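K.L.:
Chains as they are written, first to last, in our numbering: chain A, 18 to 152; chain B, 18 to 152; chain C, 18 to 152; chain D, 18 to 152.
Keep in mind the hints are simulated off the structure, nothing from the lab. Just so it is clear, the structure is predicted and the values come from calculations on it, not from any experiment. There's no promise every hint is true.
One copy or any two copies: either way a pair holds, since identical chains are not told apart in the list.
What the hints assert, rightly or not - Straight-line distance between alpha carbons at most 30 Å, and here's what the computed DSSO-like set of lysine-lysine pairs gives: (1) Lys-121 <-> Lys-102; (2) Lys-141 <-> Lys-121; (3) Lys-121 <-> Lys-20.
4 protein chains.
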Amino acid sequence: MKKITIRETVLFYDTDCGGVVSNIAYLRFVEKARAALFSELGMDLLSMTETGLFPVVIRTEIDYRTPARLGHEITVTACLAAVDKVRATCDFTLTITGSDGTTKTIAGARQIVALVQMPEGRPKRLPAEWFIFTG
Amino acid sequence: MKKITIRETVLFYDTDCGGVVSNIAYLRFVEKARAALFSELGMDLLSMTETGLFPVVIRTEIDYRTPARLGHEITVTACLAAVDKVRATCDFTLTITGSDGTTKTIAGARQIVALVQMPEGRPKRLPAEWFIFTG
Amino acid sequence: MKKITIRETVLFYDTDCGGVVSNIAYLRFVEKARAALFSELGMDLLSMTETGLFPVVIRTEIDYRTPARLGHEITVTACLAAVDKVRATCDFTLTITGSDGTTKTIAGARQIVALVQMPEGRPKRLPAEWFIFTG
Amino acid sequence: MKKITIRETVLFYDTDCGGVVSNIAYLRFVEKARAALFSELGMDLLSMTETGLFPVVIRTEIDYRTPARLGHEITVTACLAAVDKVRATCDFTLTITGSDGTTKTIAGARQIVALVQMPEGRPKRLPAEWFIFTG
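Chain A extracted, bound-state conformation (with noise of 0.2 Å):
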């Protein structure tokens, strides 16, 4: 199964006057580990542009667990849980590990990406060698 791990520390515009990471910001850490995940599938930001291939992400849930702080540390995992001929689903956990080196879960994220080719915006199958990645 393809996995991949970001790390990624809490900056002030990622968190608001509530003291905590935005809701909004955790939106942020789950797209730069999904642009990790699709490089390692193969498929990463610059070829983008030239192949005219883009991933088109057609829903997210995302859960809130625990809040995470200014300076905290965030690991953000990512895999691809399953792929059929048109979509992939991409599950992502984001945690940060105290100070005592216990490690919380501050959130989980799944979203449903598919590839549409541009400029026509047309739908295209997944890669076949996707399906051999999925856990």
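The hints should help you fit chains B, C and D onto chain A, whose structure is shown.
P.N.:
Just chains B, C and D now, with coordinates in the frame of chain A:
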């Protein structure tokens, strides 16, 4: 049933290099509508700062259906779909109206929100009157 | 002199954990005002997509004077301060009005904008009529 | 002279429908570099929350020179250019390196930052040792 509508024009910072509104930007439209809905329910943003009682999003789901583009006017309708003791479910429908007058749904979203008393971070029961506002 | 005014309420995603509007969020207010100013000058967002003629910001200056907070209504006034063959200078003043009726300037900004014909990426002369719109 | 360098890849949410990095997104790259610079100066993000001593941007200037695009790796170099009793001036240079090895400056920025003791909101003198770190 409490229901509100806002209108928001797609600006450059809402779009990405795919030429359409970024999946993350939709969450700003949703948050703006949620602020209007909560204001209608008696919790406006200014009073939150005074009371220290803040809505916290604990889950978001969003389905992206049709792309929206620069300059499109997006209408967001938000309603309080359900409440239990500690959680409110808010539903959102995002539409655009074409130059021919036809309306297209561009996205549908649902958020589950808890109320948290700051700075203690203690969850609080929803106001009793919110129960009569659900559909 | 062409001059427009917009109003925008500070939402959660505009603030950071310092309890005030993030320095980056102000640029969204400025961009919204610039879109309104350019629309007034005959370049609205929808027509940009059709003509392929886009404004490109080549310089931004912004001075942050007084913090704004969640729920504050920010008034942004924008005007076309100067134009030469290929560059327009836009000035922005951001204010809030307190409950006692006094107005405070929270920030002042200036952006220099060029017009670029896409997809060639070729700079284009400013419309002649813009010269009479400056203050 | 204190000087740091970070690298950041342009993601979808950094770009706009002009096909290039949004003028606002550059400020996120700048803020990430500033956090690294301040950490090097002894003020990391986690300690800010503990001490309540926060940097506040009071002025930003940024010149956009060459567009950057999806997947480009942006290098941001930040240094402490000047300090006086209550203000630090930070300079930023943003570059990309092409596949042929040539480096292009995409933007240059300057921010003036004050230190503010929260929650009182009282300006504070800069640490004496910062004076020896300027160029």
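K.L.:
Evaluate each hint against the coordinates.
P.N.:
Here is what the structure says about each hint:
1. Taking the shortest alpha-carbon separations for Lys-121 and Lys-102, only the inter-copy value of 26 Å comes in at or below 30 Å, while the best intra-copy value is 35 Å.
2. Taking identical chains as interchangeable, the C-alpha atoms of Lys-141 and Lys-121 lie at most 30 Å apart only when they sit on different chains, with a minimum of 23 Å there against 38 Å within one chain.
3. For a Cα distance limit of 30 Å, the shortest separation of Lys-121 from Lys-20 inside one copy, 19 Å, qualifies, whereas the shortest one across copies, 34 Å, does not.
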